Amino acid sequence: MALSLLENSNQSYIQDIPLEVISEKTRSLPMTLPTKRVENGFNISDSVRKEPMIINITVVDNSKDYMLNRDKLMKLQELGEEVQFVFSNRDTYEHMIIENIEETETEKQKFGFTYYITLRQIQVGEIKESDVKTDNKKAKTSGGKKKRTTAKVSTPTSAEKSKVNNVTSGTNGTKERGKSFSKTLAG
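For the sequence shown, UniProt numbering begins at 1 and goes up steadily by one.
Incorrect hints may appear among the rest.
[What the hints assert, rightly or not] For lysine to aspartate or glutamate, the following EDC-like pairs were computed, each having C-alpha atoms within a straight-line distance of at most 16 Å:
#1 LYS72 to ASP91
#2 LYS25 to GLU102
#3 LYS75 to ASP46
#4 LYS72 to GLU103
#5 LYS72 to GLU82
#6 LYS72 to GLU20
#7 LYS64 to GLU102
#8 LYS25 to GLU107
#9 LYS75 to ASP91
#10 LYS36 to ASP46
#11 LYS75 to ASP16
#12 LYS72 to ASP16
#13 LYS72 to GLU102
#14 LYS110 to ASP65
Keep in mind the hints are simulated off the structure, nothing from the lab.
Here the structure is a predicted model, which means the values were calculated and not measured.
Kindly generate the complete structure, drawing on both the sequences and the hints.
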């Protein structure tokens with residue numbers, strides 16, 4: 001990325017788009033907690049889940065490229081691709097999605113825009129493959145074959161048998177359908 005090539009050491013960026021002035025930045029780290037009663041002795045931390053981080057920024061762009069910057073931000077949001085957000089070359093946030101861009105124009109700001117941008121961090125998972133070795137001596141099987149068990153099926157009750165018989169014999173209380181009105185007219 002071109003982030004390290006740009007000269008301003010306190011500059012903020014979304015991807016490679018410079019954000020001229022960030023007047024406000026808030027970061028939210030929400031957690032989901034259980035809302036129902038839990039049993040005494042229940043480990044509450046088992047039910048607490050970390051939600052994605054949300055960053056809200058207010059950007060004032062009065063640069064000479066304010067129109068180009070707006071178009072690039074809108075394109076990034078439209079594509080829905082993950083972006084990197086760098087705040088004042090101090091904090092770097094990876095795997096962010098531009099969730100919302102609210103644009104404000106006033107008579108005081110003729111050449112530029114003010115944006116309220118919401119960034120949400122997506123949770124990225126990684127699949128790791130590993131080989132699992134089985135000990136054939138302990139499993140008492142030959143050739144690495146595993147013993148499989150299946151659930152036992154119980155015999156149906158008399159009520160279940162009568163339902164099946166009604167469906168298969170057609171005596172479930174429904175009458176046979178006749179021709180529709182349009183088919184009757186057509187002959």
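Handout entry: Unmet hints by their number, sorted upward, for this structure
Key = 1, 3, 7, 8 and 9
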